[in-house]
Every structure is written in structure tokens, then in C-alpha cells.
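The listed protein sequences correspond, in order, to chains A and B. So the first sequence is residues 1 to 148, counted in the working numbering. So the second sequence is residues 149 to 731, counted in the working numbering.
To be clear, the hints were calculated from the coordinates, so they are not data collected in a lab. Computed from a predicted structure; not experimentally measured. Hints should not be assumed to be uniformly reliable.
[Unchecked claim] Chain B stretches covered by chain A per the calculated footprint, using a threshold of three residues with CB under 8 Å from any CB of chain A:
{"no.": "1", "stretch": "300-312"}
{"no.": "2", "stretch": "702-710"}
[Claimed, not checked] BS3-like mimics (lysine-lysine), calculated; alpha carbons at most 30 Å apart, straight line:
{"no.": "3", "chain 1": "B", "residue 1": "Lys591", "chain 2": "A", "residue 2": "Lys112"}
{"no.": "4", "chain 1": "A", "residue 1": "Lys112", "chain 2": "B", "residue 2": "Lys374"}
{"no.": "5", "chain 1": "A", "residue 1": "Lys112", "chain 2": "B", "residue 2": "Lys588"}
{"no.": "6", "chain 1": "B", "residue 1": "Lys374", "chain 2": "B", "residue 2": "Lys333"}
{"no.": "7", "chain 1": "A", "residue 1": "Lys112", "chain 2": "B", "residue 2": "Lys333"}
Beta carbons are placed, not taken as given, at the ideal position from N, Cα and C, and that holds for glycine.
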Amino acid sequence: MTGVLLALSVTSVLLLVGPVVAQTGAQAGAQAGAQSGTRAATTATPEAPVPSVDWGRKTYVVSCTRCHGINLVTSSSSHFDLRTFPAADKERFERSVTQGIRAMPAWGAQLKPGQLESLWLYIGSVNGWPVTTTARTGGTSAPTTPAQ
Amino acid sequence: MNHSLRALRALRQSARPAVMAAACGLALTTITAMAPAAAQSMADLARDASTPGNVTTYGMGWGQQRHTPMTQVTPANVKKLSPVWNYSLDNSANASTQPLVIDGMMYIASHSHTMAIDALTGRQKWKTPIELPADINGFLCCGIHSRGLAVLNGVLYRTTIDAHVMAVNMTDGKQMWKVKAADYKQGYSMTHAPLIAGQGDKAVLITGISGGEYGIRGFINGWDLKTGEKKWTRFTTAMPGEPGGDSWKPGMADRGGAPTWLTGTYDPELDLVYWGTGNGAPWNAASRGGDSLYINSVLAIRPGTGEIVWHYQTSPGDPYDYDGTNELVLADLPINGMPTKVVMQASRNGFFYVLDRRNGNLLKADQFAKKVNWASGIDLKTGRPIDTPMTVKVRVTEEMKETVDVWPSAFGGKNWMPMSYDPTRRVAYFNTINQGMTVKYVKQERPGGANWWLGLELAGFPAPEDGNRGSLVAWDVAAGKKLWETNAKSPNWSGVLSTATGLVFTGTPTGQFKAFDSKTGKELWSFQTGSGITGLPIAWEHKGKQYITITSGAATVWAALSGDPELTNVPGGGSVWTFALQP
Chain A
1 MTGVLLALSV
11 TSVLLLVGPV
21 VAQTGAQAGA
31 QAGAQSGTRA
41 ATTATPEAPV
51 PSVDWGRKTY
61 VVSCTRCHGI
71 NLVTSSSSHF
81 DLRTFPAADK
91 ERFERSVTQG
101 IRAMPAWGAQ
111 LKPGQLESLW
121 LYIGSVNGWP
131 VTTTARTGGT
141 SAPTTPAQ
Chain B
149 MNHSLRALRA
159 LRQSARPAVM
169 AAACGLALTT
179 ITAMAPAAAQ
189 SMADLARDAS
199 TPGNVTTYGM
209 GWGQQRHTPM
219 TQVTPANVKK
229 LSPVWNYSLD
239 NSANASTQPL
249 VIDGMMYIAS
259 HSHTMAIDAL
269 TGRQKWKTPI
279 ELPADINGFL
289 CCGIHSRGLA
299 VLNGVLYRTT
309 IDAHVMAVNM
319 TDGKQMWKVK
329 AADYKQGYSM
339 THAPLIAGQG
349 DKAVLITGIS
359 GGEYGIRGFI
369 NGWDLKTGEK
379 KWTRFTTAMP
389 GEPGGDSWKP
399 GMADRGGAPT
409 WLTGTYDPEL
419 DLVYWGTGNG
429 APWNAASRGG
439 DSLYINSVLA
449 IRPGTGEIVW
459 HYQTSPGDPY
469 DYDGTNELVL
479 ADLPINGMPT
489 KVVMQASRNG
499 FFYVLDRRNG
509 NLLKADQFAK
519 KVNWASGIDL
529 KTGRPIDTPM
539 TVKVRVTEEM
549 KETVDVWPSA
559 FGGKNWMPMS
569 YDPTRRVAYF
579 NTINQGMTVK
589 YVKQERPGGA
599 NWWLGLELAG
609 FPAPEDGNRG
619 SLVAWDVAAG
629 KKLWETNAKS
639 PNWSGVLSTA
649 TGLVFTGTPT
659 GQFKAFDSKT
669 GKELWSFQTG
679 SGITGLPIAW
689 EHKGKQYITI
699 TSGAATVWAA
709 LSGDPELTNV
719 PGGGSVWTFA
729 LQP
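Looking at chain B on its own, in the form it has when it is part of the complex:
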């Protein structure tokens, strides 16, 4: 995303008083201890995508394009990419975290610790543990994840899997504040990186919530950056009497899901945050009735207040767990000859959406998943899916006698692993999944505790005939077409990074970190790490040299549940790998 110079200047000016206010607000005695290691300002965050040195935001920019302007590593020399260091995360969870890099220091969140590492040597500077209850993992639907951090003015912000939000001093790792967002024993958890957004001194820390399989009521929170005070709560299910309240059966909205479990994006010019919502609870659509607003939606939110400015529901009344939480990437695209500010999503439901991000108008929706049998397309006039007969029946049948085979499965045509977007070529690169699911809908009361509430029997996950359960895709966003597709037996459960020099990096569930030619999809380089890769590659630069970092470590719900036979000999064990060109 390219911001105009005017907007950037305005941000810089507005950020300065914010820093002053922050400093003045601290007690005199604590100023020395809390002095920021580096002065990341809102302007630094706004510049993150265009500056290859530091990585100060989840997504390598507020627009989450995960594209680097770096020039040193190219298709011609990528074979010389070699490991510089490896750092143990000392656990066997999913290493699905995106590090931040600021002035030669790397900051990492795992579910159990927050860490600072010398980015050039891989030596630990500090490591702060997080106390967790012994039963917490039962409340995590899909494995143990902590996906990253936000940073501003010398303070790191993160969530914890037992649904707390905390601020950590970047200099020494000491906790500054910690607040409870929700009660984990009610099924709430948090696995995502927070977002910092807003204008000048009105900037807030924004977090979502997980727990769609446990019958939670989703929400998004705005927090005071300095104190952790809750500034606003935006619930994501509509109660009776509210707009959309009639899209639920009576009594279902207050446990209706719509979790907000991945980090949103931010457009500072429009001052809008884009945040996705997940599945309805239970999955059984007939139990909930209607569209169930705002499940499986894109919400445009005013960061100062939490107000919903517009919404677009990708999967109205969804019965298939097609969360709308996948990353909402911002870009400027020519649409019908007009430069247009868009937000895009490769949805779990198998369609690639392009929306006008000023107003939520649907511009494009094209099938990217190889096999889709729940809808025959998306009606661009109404914005609604065109249901197949199977979906028409599923929507109204609370109790089924026979199973149905649904494509894509609940894992989606693409899951949470974020894409990259090359703004010059206007191409998105993402990892897809090609697998069905066999289900039978049954009525189920909410069990409570650490138990799933789906309202269906999950009987299996049929594989595609060609045995390729996944692929890496290059997608021409304006045209709505695949440029190339590189098949894989197992779907890559890793984020994607693209470079201005024409490389695409991603990781495989069997542990290879790979580079592909962005024009052809041809594999150019591969390195075997110690576990499966569920991490998010980043590129950064220090003292004139460019580096690429990825975390390795997999214990995915895909491997546990999908029946994928390729993953039986992949050990767990998280670690961080950093690579650079060797002479």
C-alpha cells in the first residue's frame, strides 16, 4: 500500500504529540527504566511496507502485503542463501509466529514466552515466561498458536492463549500491564498479534478473540496503549433489537460465535480497520437460522470507537466453517480503468474477493479453490453466493440421516496462512488446500467446558483424486485468474513472502523452507528445517545486509485431523531460522 506524502506528513506530525503525551504520562521515577529501546512511532508503522530495514507490524505493513522491496536476494543468486543462525523456541507447539525486527533486535512471541534476540547473532537478550493454567490447551480448537506482536514507542504488545492482553517493555522484557479480555473457561482464547491503529494520540491497541468451536460470542476490543484500560468492545453477533438481530433464531446470537481470531489491517487515510469474523456457533446453520450476522464477514471498523462503518458477509448463514477471518490485504487496483482502493481476501469458502474498501461494495469474486461444490458462484449484484442444491438442503436441515461430501472442507480452500501481494505486478501468492469433508448435521446442545459445539458429525476428509492436497498459487487479482499453480501432496501451512526481485518464499509441512520464481512458480531453492513449517517468513536488513527469517515447528490441526498420510514422520519442535547470502 502506498500512502501519499501528505498523509505521511500528517501522520508524522500527529505522532509526535503522542510520544510526548506518553512520556509525560509516566511517573518520573519510571521514565529511565521504561525508556524505549527505539522510538517506533505511528509514522514508522505506516512506513513499514516501504522500508526493508525494520519489520514493525504483523504483515510487514498495515496493509499486510508481506512483500519486500529488498534487492539483494534474486532468482540468480538465491542458491547461495544459507543459514546464519538457529534459535530454539524450546517447545513443540506451532511456531506460527511472525517476528518483529527493530534496529538489529528481533522480538518473538511464543505461547509460553516473549523473547528478544540479537538479530545478527541469534543470541538471546531476554526471555520472559507467561504463566498459563494447566487445562488451557483443551480450550484451543486448533493447536497451540501465538502469532506475533505489535510495537509502539518501546513497548511490545501481545495476546496470551488464556485470553489476556499484555504490554512488555522492549528493553528488558518486563511486563508493564496485563488485562483479561475474557474468561478462557467459557471457551475464549487468543492466538493472534494485536494491531495498533488510529489517528495520532487517538491510536489504540486492537485485539480480537478465538473460540468459535466452543460457543463464544465474538468481539473486537480497543485498549488504551499506556494503561490497558478497555476503551470499547464491538460484539460481532447482532442481538435482538439491533440491526441484523433478526438474522438469528431466538436465543442463539449470544453464543453464536463470529470469533475475530486473526489480525486486521488498517488504512490510515480512510481511518478504517478491516477485521474478519469466523464461523457461527454451532456450525449447524439450521440450528442458528438466517444469515447470522456478523459471522463470516469483513467488518470495516472505526478504530477510535469500534463503530462498524460497513460489513460484507462472505458466507451468509455459513454451515461449513468457512471463517471470514483470512487476512484482508489492502491494495490500490485499476478497476474498470479507475484506480480503486480495495481490500482483498482469499476466503476459506474457495472464492477470491475484491471489495471497494471505502464502502464494502463487491467488485470481484472468483473461484480459486480447485473444487467447490457448495456454491456455483457469487452473484456480483447481490453479493450473495449461488447455493448448490446440497447447500440449499443443508441450510434448513438440522438433523440429517445421510452424510454429505462438502468441498472445500472446513479447513477451507485456504486457511489462515497469509498470502503475499506484489503491488507492482498486482499478483497475490498464497497456499491453497484441496480436500473435502464428510459430515452429517445433528442437533446438539452446547456442551460447555472444553468441548466442541459443532452440531454435526465429522466423519472424514476425502482427498482429491490426484493426491495433491495443496498448492502454491499466483493469482492475478485484477483479472481474477491463476497465473500459475505449483502442486504439493500436503498443503503448505505457512505464510508467503514475495520480493521485488521476483522470489516467493514459503514453507512446507514437512519442513522445507523454499524459494520459487514468482513469474513461473518454479522451485529455485530449498532448505530442510527441523520440523514442519507453520511460520510467516519475513525479510529485513541491518548494516547493509539483507536477511530472511522463518520459524519452523508444527503441531497443526491439519496433521492431527485431516488424515494426510504425508506427515506421519515430521517431528515437532519450534525454532527460528535466519538466512543470508553467503559469498
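The shape of chain A in the complex, shown without the other chains:
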């Protein structure tokens, strides 16, 4: 078990936390501009960041790891094991994250446009879900039976 954990960890080291990407395009542009004038012209136009596995990973590391474990590996049955999350039930994922469920807090007010989709992409990438499932955009899923 430990060996498994370590093996996962080693492969993920370079992918883990960096400066969090929880900021709007405008903020990112302003910051980049302050740090390097050359980029200011190209990032000044506010637009929603494109959802990505990498953004999802960075979000996961600063906000989710403490309960759901490193690389989704948790050994606590008091915290949901995201390795078992059904790939076909994106609506349940979005509802759980934004509204909270049991000990899971409501993250809706904290999330930036694209961030929830990024988390979904990241979880799918760790779990090896088919890309066709994970690439669906939010808000159009058919209603599903509440799973809890």
C-alpha cells in the first residue's frame, strides 16, 4: 500500500502545487503585466480561462487534498473516495462541489468560471476516464437521480 502511494507520488511531484490559478483572466493579466511588461498587451482582455487538467490539479492540491488525499488516494472512509466517483454522473459532482454535501463544504461562491470543469477534468485524468466523458461542458447534463 505504501509502495503504491509512493509510486503515485513520485510520478506526480512535478505536477503538484504551484501558485493557485484561482483568479480571473483580468487579474492574471494585471499580475503578469506587473511582473513582465511584455505580456501585458496580450493578456489585457478579460476572458474566462480555458478549463484544463493542470488548472484542476492545482485547484485540487490547495483545496481538496486535505480531505480527499494526494492523487485522490485517501484511506479514510469518512471522506469520499474520488477514485470511485462515477464518470457518467457529472451533475452529481457539480452539485456536491457547489452546494456541499455532509462534511463537504459548499464551494460554489469560491469557484471561478472554468474551475469546476477543470477539477472534473483532473479527476477524470487520474481515474483514466475516456476523454469524451470528461470533455462535456457544464450546465447541460440531463437530470439524474440524487445519489446520496
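Fit chain B to the known structure of chain A by using the hints.
The following block gives chain B in isolation, referenced to the frame of chain A:
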């Protein structure tokens, strides 16, 4: 801790006017409604450790020795210990709360409720909910905890996880006052029991703050017991221009952490409160620079004013999350043949510290953790750790290319679960952790919101070769040596209780409440509860019969994050268990 009779008499005398003043200060119409169920005075709190009947303080005494003089339960009869009742806490948080017991009533704080139970039957008398915001759990670094209560003159005092302090009428559970200590949306939370300390009518309610992983600025508050008015604030990071202000990089101290998230101890003779501070924010030491005062320190504080009388930093400039918040147990010890008033701590950093509590002088610092690779020892002359080459490098490297394996991990050689101390044998009993962590330091801006600010990549937690991630240890404090060590595959995430009859009680993360022989560490009794145990065992007595109570219920950050394979089949669900000898 034994107080002299003279000091006790002085306390009794000074406590009486305080009660009178409290009564006179109330509006006439409310006196009946607010009449105390029992007249706990400051003298009652001072006596808590030596009186086995009631439990009126967090720690079973201001010195937090968690040792009972009770005589009925012994190594010879402990096998007859049986459950008397079980009470549901109706949640799946950590049941890490220490109940109080006063004249046959038990008072309990969970994160969602305050409760009163008939201690003999387990039947609820009242239960008062606490309203909490829907996003609050995101601001809790390490699971949902509410660790207990303080009590004085018929009023219960507690903190809430959204950083409020409140007073509750012991008789009916009704709220008397509630004040906001800090804005939870800035990363502040509260999970500890308050402390009541001070001389006579100058006694105040003292609380700390959590949030070291969110970039808060730590503080300790003194509150007016009657009104909730804030009397003082003692910030625990030193700003530019203040003593210690130059131990930070510019601009880092005002978000520099040093949270004060566990309950302090109190010596009424010296009139000093001892309170620990936690990690710097971010964990990345090179981002903060210098010692970062007063992170990871023991502070001696004057309860009337909040003045820092002395400080001792266990982990200067700490990069490893070795909070100095672990319980600061008070005792009288012979040091070099001289009876000495000491304060002791088994620190997260793996060393057991003994300080002269009059002045903060370091007397002893001995390694108790099985594996320590960040320091080769503590220099008793300077009081500073002797860094290994790894730590020398980590302190100055804000961005790393490779990971390092650090022992002990951020969980520490021991975490918050408090020890017991037998003042007769002069032995401390505590639960240890033996696990490393693999980390790589990276520069990180403070993200804000409910997001961690560590300044490192957490890549894993290597286990020890023998697979024993924890142990229960008996520690000879004066000698600085282990007397025995009972290994466990998973570390016990529970407090310890010891008895004058030679028993040590603690709980396992897989739910067994156990009794050990305090002389040998041999397991003598075990009872399977419904969840993992994160609670703090207490012993109490009513109508001539002695009882032991523990809360069960685990949803720990250890289980979530450490990769410990032993805990995958432990359900959540909090409840209270009370045990007594059956004929």
C-alpha cells in the same frame, strides 16, 4: 500540579467577591433565569486535578495533567469495566471533545451543538444548535473539531468553528452572549476549548485561533466573562518595529501564521498562562526568512493584560509545520536536586522539552520520536536546534528542484492529542507518530479564500520499515528517557488518561478504547466503539461510584492524507461512551 494551601485559600477568598460582583452586575429580572446550576468558582477550577468528582477544566486541571487520583478502577479489576450508556453526537465529524462533569451532569461541545446529559443515565437534558455557514468546512485545515468547554459560575464557554466565542447558560443551554473573534472568510477558525484564568475578579476568558494553513495572523484574546467584551488581543507575529520584527522578511509577518489553536495551561501562583503557537505561513521558511517570531513557540502570558512575559521558540524559522501548540503540561520536578516548577511539551518536532516555567529557561530537550532527521539535537546552552545539512539547505531554498524526505512528517512526532502526567511517578504517557513526508519547496503567492498556502508540494508520506506508524510511550520526564513503548500499526489519535491506581487509558483510530498497565505498557482491557477514537478520556465520580468517559468518532486529516492503510474500514459517526465497573 499541587498548589500550596495558602495559595488555595487566597483563591477562595478572591473568588467570593467575583461571584458577588457577577450576581450584582445582572439585571434583577434575569437573576432567576440565569441562576447557576452549580457554583463553580475559581477555587473549584484550581482544585480540579486533586478532586476526582467533577471535571471542571479542559485537561482535568489547569496544569492539564489528565491524571486522576481515583482508586476504584485498578489493573486487577479493569477487566470488569463495562459500558453504562452510549449517547449519539448525531454527526460524522471528529468527536475530539472533552466533556465536563459537574454534580452529575455532563456538558459536551460538538461543532454543531452544545449539550447537557444526565451523567448517570446518558439521557439528554438540553441540546442547543449552533448556526454555521454552508462553506465553513473549507476553512478548516484538518477536519471538523470542537474540543471542549470552559465553565465558571453556572456559565459554559466555548468557541465555534466559524471563529466566534460564546457563553451558554448551564441550566437551560440558552445563549447568553456570542461575539465574533475573526472573519472566517479570511481563513480564521476556532476548534479549541477556552481557558479561564486570572486572579479573583480579574479572571478572564482566554481563547486562541486556528488558520495557519490559510495565511492568517495568529493571536490570543482575553474576554470579559460576563459581557463578552474584548479586553485584550495579543498578536503572535512580530511586526516591523516591534521586538522580533526583524525576524521576518518585509511584508510577511502580517499573514505569517503562528496560530494558537489549542488550549493553554495556567499557574495561579505565578499568574502566568502558557500557550503554544503554531506554524509559520507559508510553511516555506525561505519565503518568510529568519526565526519568524513568535511561530512555533511557548508563550508565557499575563492573563490580565495579554503581556508576553517570556517566550521560548521550539522550532525557530520552522519549515516543517512543527507547531508548538501541543499541550503545555505543568509539574513540579526535581532538577539538579532542586524542586523546580516546570512546563513540559512533547513537541511535533520530535523532542520532549522541559522548561523552567518562571522564566522560560530550557532545562531538558530529549528526542522521543523514533526517527528525526531535521536536527541532530537541541543545544541546551543556546536553546536552538542543531540543524542537519538537509535543514540548513531547506531554510534558504525557496524553490527546490528535488524533493526531500523529512522525519517526522508535518503530522509531527506527536500531534495535538494530549498526554497524561502522573505527578507521583513523574511519568508522562503519550501517543507518538512515526512517519516521514516527501516535500518539495516552491514559491507560492497567498491564494486567499479556502485554499491552503504552504509554499511546497506535498508528495507523500513514507512509512517506517517496521510498519508501526505509532506508539504509546511512557516517558520518565526527569531522566528524559522512555520507560516503555507499545507499538501500533496506526498512531492513536486520542488523548491519554492515567490513574493513581496504575492504569493508562487511550483510544485507537480503529475504535478500541483500551487500558494499559502504566508500569509495563501491557494491554489489560479493550472495548470496540463504533468509530475511530479522537476523544479525550476523563475520569469522574458521582454518588460514590467512579466512571470513565470517552467520545468515539473519527474523520481525521491523518486518515484522509497520510495513506495509512489500516483505516479504510473505519466508519464515521460520533458518540459518547461511559464505563464503570460491573459487579
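Consistency of the hints with the structure:
For the stretch 300-312 of chain B, the stated coverage by chain A is violated: 0 residues have a C-beta nearer than 8 Å to a C-beta of that chain, whereas at least 3 were required. Counting residues of the stretch 702-710 of chain B whose beta carbon lies closer than 8 Å to any beta carbon of chain A gives 8, which reaches the threshold of three, so the coverage claim holds. Taking the CA atoms of Lys591 of chain B and Lys112 of chain A, the gap is near 23 Å; set against the 30 Å cutoff, the hint holds. Note on Lys112 of chain A and Lys374 of chain B: the hinted pairing is violated, with a Cα-Cα distance of about 44 Å set against a maximum of 30 Å.
Taken as a hint, the Lys112 of chain A and Lys588 of chain B pair is honoured in the structure, with Cα atoms around 27 Å apart against an allowance of 30 Å. Proximity of Lys374 of chain B to Lys333 of chain B is assessed by CA-CA distance (about 28 Å); at most 30 Å being required, the pair is judged to hold. Straight-line distance between C-alpha atoms of Lys112 of chain A and Lys333 of chain B comes to about 16 Å, which keeps the hinted pair within the 30 Å bound.
The earlier numbered hints that this structure contradicts are 1, 4.
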